[in-house]
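In order, the protein sequence lines correspond to chains Y and C.
Per the numbering used here, residue 16 is the first one in the first sequence, and the count goes up by one each step.
Per the numbering used here, residue 16 is the first one in the second sequence, and the count goes up by one each step.
The hints are all genuine.
Below, a list of computed lysine-lysine pairs in the DSS-like style, where the Cα atoms sit at most 25 Å apart:
{"#": "1", "chain 1": "Y", "residue 1": "K165", "chain 2": "C", "residue 2": "K176"}
{"#": "2", "chain 1": "Y", "residue 1": "K211", "chain 2": "Y", "residue 2": "K241"}
{"#": "3", "chain 1": "C", "residue 1": "K177", "chain 2": "Y", "residue 2": "K177"}
{"#": "4", "chain 1": "C", "residue 1": "K360", "chain 2": "C", "residue 2": "K282"}
{"#": "5", "chain 1": "C", "residue 1": "K136", "chain 2": "Y", "residue 2": "K165"}
{"#": "6", "chain 1": "Y", "residue 1": "K376", "chain 2": "C", "residue 2": "K378"}
{"#": "7", "chain 1": "Y", "residue 1": "K211", "chain 2": "C", "residue 2": "K378"}
{"#": "8", "chain 1": "Y", "residue 1": "K176", "chain 2": "C", "residue 2": "K136"}
{"#": "9", "chain 1": "C", "residue 1": "K239", "chain 2": "Y", "residue 2": "K194"}
{"#": "10", "chain 1": "Y", "residue 1": "K165", "chain 2": "C", "residue 2": "K177"}
{"#": "11", "chain 1": "C", "residue 1": "K165", "chain 2": "Y", "residue 2": "K376"}
{"#": "12", "chain 1": "Y", "residue 1": "K176", "chain 2": "C", "residue 2": "K176"}
{"#": "13", "chain 1": "C", "residue 1": "K177", "chain 2": "Y", "residue 2": "K194"}
{"#": "14", "chain 1": "C", "residue 1": "K165", "chain 2": "Y", "residue 2": "K136"}
{"#": "15", "chain 1": "Y", "residue 1": "K240", "chain 2": "C", "residue 2": "K194"}
{"#": "16", "chain 1": "Y", "residue 1": "K239", "chain 2": "C", "residue 2": "K194"}
{"#": "17", "chain 1": "C", "residue 1": "K165", "chain 2": "Y", "residue 2": "K211"}
{"#": "18", "chain 1": "C", "residue 1": "K211", "chain 2": "C", "residue 2": "K177"}
{"#": "19", "chain 1": "Y", "residue 1": "K176", "chain 2": "C", "residue 2": "K194"}
{"#": "20", "chain 1": "Y", "residue 1": "K286", "chain 2": "Y", "residue 2": "K334"}
{"#": "21", "chain 1": "Y", "residue 1": "K282", "chain 2": "Y", "residue 2": "K350"}
{"#": "22", "chain 1": "Y", "residue 1": "K378", "chain 2": "C", "residue 2": "K165"}
{"#": "23", "chain 1": "C", "residue 1": "K376", "chain 2": "Y", "residue 2": "K376"}
{"#": "24", "chain 1": "C", "residue 1": "K176", "chain 2": "Y", "residue 2": "K177"}
{"#": "25", "chain 1": "C", "residue 1": "K241", "chain 2": "Y", "residue 2": "K136"}
{"#": "26", "chain 1": "C", "residue 1": "K177", "chain 2": "Y", "residue 2": "K176"}
{"#": "27", "chain 1": "C", "residue 1": "K376", "chain 2": "Y", "residue 2": "K378"}
{"#": "28", "chain 1": "Y", "residue 1": "K267", "chain 2": "Y", "residue 2": "K282"}
{"#": "29", "chain 1": "Y", "residue 1": "K136", "chain 2": "C", "residue 2": "K378"}
{"#": "30", "chain 1": "C", "residue 1": "K136", "chain 2": "Y", "residue 2": "K211"}
{"#": "31", "chain 1": "Y", "residue 1": "K241", "chain 2": "C", "residue 2": "K165"}
{"#": "32", "chain 1": "Y", "residue 1": "K165", "chain 2": "C", "residue 2": "K378"}
{"#": "33", "chain 1": "C", "residue 1": "K165", "chain 2": "Y", "residue 2": "K165"}
{"#": "34", "chain 1": "Y", "residue 1": "K77", "chain 2": "Y", "residue 2": "K211"}
{"#": "35", "chain 1": "C", "residue 1": "K194", "chain 2": "Y", "residue 2": "K194"}
Worth flagging that the hints you see were computed from the coordinates, not collected in a lab.
There are 2 protein chains.
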Amino acid sequence: MKQKIIDPWGSGLLEDYEKIIKDFGLEMFESKLFPEPNRLMRRNVIFAGRDMKVISEAIRNKKEFYVLSGIMPSNEKIHLGTKMVVENIKYFQEHGAETYILVADLEAASTRGVTLEEARKISLNFHIPAYIALGLDVKKTIFYFQSENKEVMNNAYEFAKKITLNEFEAIYGNADPGKIMAAVTQVADILYPQFKERMPGIIPVGVDQDPHIRLTRDIVRRLKKKKFFLPASLYNKYTPSLDGSIKMSKSKPDSCIELPEDMRLVKRKIKNAMSGGRDTLEEHRKLGAMVERDVPFELMKQHLVEDDDELDKIYHEYKSGKMTSGELKELAIAKMEDFMNNFVKGMEYARKHMDKLNFVKFK
Amino acid sequence: MKQKIIDPWGSGLLEDYEKIIKDFGLEMFESKLFPEPNRLMRRNVIFAGRDMKVISEAIRNKKEFYVLSGIMPSNEKIHLGTKMVVENIKYFQEHGAETYILVADLEAASTRGVTLEEARKISLNFHIPAYIALGLDVKKTIFYFQSENKEVMNNAYEFAKKITLNEFEAIYGNADPGKIMAAVTQVADILYPQFKERMPGIIPVGVDQDPHIRLTRDIVRRLKKKKFFLPASLYNKYTPSLDGSIKMSKSKPDSCIELPEDMRLVKRKIKNAMSGGRDTLEEHRKLGAMVERDVPFELMKQHLVEDDDELDKIYHEYKSGKMTSGELKELAIAKMEDFMNNFVKGMEYARKHMDKLNFVKFK
Chain Y
16 MKQKIIDPWG
26 SGLLEDYEKI
36 IKDFGLEMFE
46 SKLFPEPNRL
56 MRRNVIFAGR
66 DMKVISEAIR
76 NKKEFYVLSG
86 IMPSNEKIHL
96 GTKMVVENIK
106 YFQEHGAETY
116 ILVADLEAAS
126 TRGVTLEEAR
136 KISLNFHIPA
146 YIALGLDVKK
156 TIFYFQSENK
166 EVMNNAYEFA
176 KKITLNEFEA
186 IYGNADPGKI
196 MAAVTQVADI
206 LYPQFKERMP
216 GIIPVGVDQD
226 PHIRLTRDIV
236 RRLKKKKFFL
246 PASLYNKYTP
256 SLDGSIKMSK
266 SKPDSCIELP
276 EDMRLVKRKI
286 KNAMSGGRDT
296 LEEHRKLGAM
306 VERDVPFELM
316 KQHLVEDDDE
326 LDKIYHEYKS
336 GKMTSGELKE
346 LAIAKMEDFM
356 NNFVKGMEYA
366 RKHMDKLNFV
376 KFK
Chain C
16 MKQKIIDPWG
26 SGLLEDYEKI
36 IKDFGLEMFE
46 SKLFPEPNRL
56 MRRNVIFAGR
66 DMKVISEAIR
76 NKKEFYVLSG
86 IMPSNEKIHL
96 GTKMVVENIK
106 YFQEHGAETY
116 ILVADLEAAS
126 TRGVTLEEAR
136 KISLNFHIPA
146 YIALGLDVKK
156 TIFYFQSENK
166 EVMNNAYEFA
176 KKITLNEFEA
186 IYGNADPGKI
196 MAAVTQVADI
206 LYPQFKERMP
216 GIIPVGVDQD
226 PHIRLTRDIV
236 RRLKKKKFFL
246 PASLYNKYTP
256 SLDGSIKMSK
266 SKPDSCIELP
276 EDMRLVKRKI
286 KNAMSGGRDT
296 LEEHRKLGAM
306 VERDVPFELM
316 KQHLVEDDDE
326 LDKIYHEYKS
336 GKMTSGELKE
346 LAIAKMEDFM
356 NNFVKGMEYA
366 RKHMDKLNFV
376 KFK
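Extracted from the complex, chain Y is given alone in its bound form (with noise of 0.2 Å):
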């Protein structure tokens, strides 16, 4: 998928989205689809999806399904777009998922330049904590260590058949040997839970992920022994950069909240964002918030105010002009402070939990 495409903040930012769901054959999301929608289902940052339908059936005739995302340990470092992956796998966990996550060692160790070893301690040290106080249940979630499961490996080496150099192309814009590998056992992680026992299972991810999920549902068609369900798949919107530009991105430290971060820091980021506030307070008064660019309003919506009317007084408010730019970000920051502090509150009880984690045991 080319960046061009995606553009959440452009002036075009609904056909963006629009086109993404037309040119890839993705469903529309609709968040009547699932019971007790979770805050990215209700305010539509999940924008779309695939086989949604099995999964909600699957939930609400509480029949085995399962949730399934990847960690990449390369180092202690994650972003908000990481929380709404997370988010949505509690949400599935808490409506019946098994819920895997599988450590991604192996491609962390071939393509980020970290030893295996390394990538494990990272993933035990930070990603693991962090996705548990993010959410997750600190028992019912299965972990494992991609370079740990063979199954997964010699998977990954019967669904490489299946597949042609001109179809990965097409997919992925390009292929190397190593970019092969990594998608086919990503292919492999996918299927996994179903390996044991068929049943249908939900991948949510960024929409950048998406050529993953279609090679795998590529593969699947022709796999003629087994029969897998295809997996479905759930797409969020990108969390925006601080800046404005498309999205965040640990490249540019500036356009990124990180998790956790020291406060002062995100202080300045969120002062310095992106607003939707009018050049003088006068006309800002007068004419209201440009809401729909401001980036800290947004920061709210996805991550940080839960209750709906809550979002909806400070959207009116801050539309109306009754609040000020500088009010709305200071609002912004109290609310992150509550988050931060909570989520390393949260990292703290889950390392002392870790022996509780529930790893999948390789003969």
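Using the hints, position chain C against chain Y.
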């Protein structure tokens, strides 16, 4: 490597092998390189290699080194080409090499339509006993299954990052995802004995397998952290097809003698094999045989007559016309029958001693 350049029975026999040596930058083999050269070395059935001096010095100085080869367990068939490889492995085993035989069950499962379990059974029931019957030491040979060797798979992942698609295509002529995964896994297999301790190793193969050696050497040169020895290699000429064409092939049953094979079939095949005899007995007595195009003689030279003086005597009697092509074929059949009986007995012996085999145990 394109087949057209390899034509051991073409008129340009010598030039063709010389061309291979030149095109692929191989070293010419000289039998004085190794102490107590085996039959294949003495008769130049081995014609080239890479880094052979490193291994030669390890033998002479009694330094650690290894020899490695793989089993492709897709069906219960091997032919005389495999016998050559095993005889070369045996040579290095007897000259101090740590001996590794990997069962390429992953590759068989992904490319030959057998399951991992079937591949495992085939190797245990057939290939491993056959390798023992052909002379490998029951206790000293180290076996492993590719699908169980996480270290090999994990390293394959890393190695894949060291090669571009273009480079892969330059070595193999083409590329697809399955071939790429199989190849980088072979690279990891070739280097596996060095994972714990750096030491030189030699891979005896048919020259059509040189691409794997080249790929491994290219990748080793690019690995900065790990300092592996570049793998050495040793190339044998093809055992000719019985009809005189390029090489024996399992896909053309009449071109090929299988191990084991019913001697009634083998007799018929040898009787029909391409001969160097003349059209009439009178002409034969007068001009002598065209030994250089005689397949039964080549079978004796490569496989069936150990003693050089004995072979020399046969050569001269046949070359002079004193021995007819019918007599030569009868001689070849008798020697093949001896070999086949011994081979079958060796398989029976090996199957009774499978408990003594040394399989790598993986955590």
